[in-house]
Amino acid sequence: MFDKFALLGFGEGGWGLALLQGTGITLSIALATLPFGLALGLVVALWKRSRHVVLRAMSTAYTTVFRGVPELLTLYIIYFGVQVVFQELWQWLGLPGAFSMPPFVAGMVALGVVLSAFSSEVWVGALNSIPQGQREAAAALGLSRPQAFRLIVFPQLIRVALPGLGNNWMVLLKETSLVSVITLPDIMFITTRANVATKEPFLFFGAAITIYLVISLVSAWGMGRMEIRANRGIAAFQGATR
Amino acid sequence: MNWCEYPGWVVGSEVFQNYGCRMFGGLWITLQLVAYSVVLGFVLAIGLAVTRLYGPRWAQAAVKGYTTFFRGTPLLCQLFLVYYGLGQFRLFWTDIGLWWFFREPFYCALLTFVINTAAYQAEILRGAIQSIPRGQFEGALSLGLHRWATLRHVVMPQAMILALRPLGNELIVMIKSSAVVSLVTIYDLMGATKLAFARSFDLTIYLYAALIYLILVEVVRRVWDALELRLTRHMALR
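Those sequence lines, one after another, are chains A and B. In terms of our numbering, the first sequence opens at residue 1 and continues consecutively. In terms of our numbering, the second sequence opens at residue 243 and continues consecutively.
Next comes chain A alone, as it looks inside the complex:
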């Protein structure tokens, strides 16, 4: 029994170090995708509320598509599709050799695009919760529209959007497991390889699921702390709800 657990250790023939590196890859792709996805989501949300019909239509089509297509399929399309497009471009420019898409970038773009589609809904909800009077008051003080957004609206936005964005983060964390299919050595990729090498699937996938669970629990705890911090000074939030 215990000699099996040695497979998870750091000693001779142990997969401990590889698992640790896989965890690092999982965390880095999630953390790299987050700012990109959230920023793109905010842009899409602002377009959804735009006065221009074209921007509104484009952003609605964008969210409909990326919320409706399975993440795995999006990942394949971006990984292989972008590869083909760049390959053509490469040859057209007459560059030597061949272009190859780094899996990390493909994974980041695919997960980021999906994240932006989902987070834009959260951003729209939060934007709607900011009273129009805030923008009017900013205009009356002589702030330009970008200034009003940056200095008045955005700081208030974060507090309202935080729970929804926290959910997006949890979903993203679980979706990173898909990048193993485009050969990015994340937790799933490492454990799949370990399974092939040792024929101990229960042990290794059990270890993988435990790592994911720990990351999720730590995230949930961190999110709770962030919400408490974001809501400090909001009377309705003190005591009663926690």
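Keep in mind that the hints were calculated from the coordinates and are not lab data. Just so you know, even glycine gets a beta-carbon here, dropped at the ideal spot from N, CA and C. Check each hint, because a few of them may be wrong.
Claimed, not checked - Subject to a maximum C-alpha distance of 25 Å in a straight line, what follows is the list of computed SDA-like cross-link-like pairs (lysine to any residue): (1) A/Lys199 with B/Leu340; (2) A/Lys199 with B/Ile338; (3) A/Lys199 with B/Leu328; (4) A/Lys4 with B/Ile403; (5) A/Lys199 with A/Thr64; (6) B/Lys306 with A/Leu162; (7) B/Lys306 with A/Val214; (8) B/Lys306 with A/Lys199.
Claimed, not checked - Partial pick of chain B residues on the chain A-facing surface, computed with a CB cut under 10 Å: (9) Leu425; (10) Leu453; (11) Ile457.
Said to hold, decoys possible - Covered stretches of chain B, as calculated for chain A (at least 3 residues, CB under 8 Å): (12) 243 to 252; (13) 265 to 272; (14) 443 to 451.
Fit chain B to the known structure of chain A by using the hints.
Relative to chain A, chain B alone:
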């Protein structure tokens, strides 16, 4: 020409025409898998939600652990743990006569999906039941209704309307997540598409698959909107 070759023929895509039948066969697998798992998961979720709210302390803790575990880990990992991990104990399953179940990737995927969606649906139902005002429970009590009768006739009908929208979202999430079963050798829509790509090296086949998923999700969304409109027609929401 078979009916399943027509869409490819209409859009003028040779690959889509050649692999149309495989892909629509895959779509049928996807639909079956999602339908069974969402319905079975719903039945399980009602039990879990009620236990989580009114069960004994230890059962509440157990259900909480269950939902945290299955909502906090990737579906792909759960699927691999069930298909490869539990499949490792072949002798044990053969002994108790369950090897036919764990041998089939479809049953393994179904089992994984049922326990996964049950965890999500249980949380949805718990939230819905919890947001029914206390007065409803007190009113039922003062009418002399038993606890189960209160739940069945007073609370659940109201809670189900609140849960309708999130449950529809869960259905859509399941349709999308079901694509991962292609990684355990099931030829669902995604699996059939991967096969078509591997044989033809024509990337556009992925775009047609995306279109099919998109139409499926959009149809579900519209049906759900109509359902919600119909079920809430007695409420002055509009």
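Structure-based check of all given hints:
1. A/Lys199 with B/Leu340: holds, 21 Å
2. A/Lys199 with B/Ile338: OK: A/Lys199 and B/Ile338 at ~22 Å, within 25 Å.
3. A/Lys199 with B/Leu328: Distance ~12 Å between A/Lys199 and B/Leu328 Cα, so the pair holds.
4. A/Lys4 with B/Ile403: violated, 50 Å
5. A/Lys199 with A/Thr64: The given pair, whose Cα atoms are some 42 Å apart, is violated under the 25 Å limit.
6. B/Lys306 with A/Leu162: holds, 23 Å
7. B/Lys306 with A/Val214: holds, 16 Å
8. B/Lys306 with A/Lys199: violated, 32 Å
9. Leu425: holds, 7 Å
10. Leu453: Nearest chain A Cβ about 9 Å off; hint holds.
11. Ile457: Holds. Min distance 9 Å.
12. 243 to 252: Not satisfied, violated; 0 residues make the cut.
13. 265 to 272: violated (count 0)
14. 443 to 451: That given contact holds, which follows from 4 residues of the stretch 443 to 451 of chain B lying within Cβ reach (below 8 Å) of chain A.
Consistency note: the structure conflicts with the earlier hints numbered 4, 5, 8, 12, 13.
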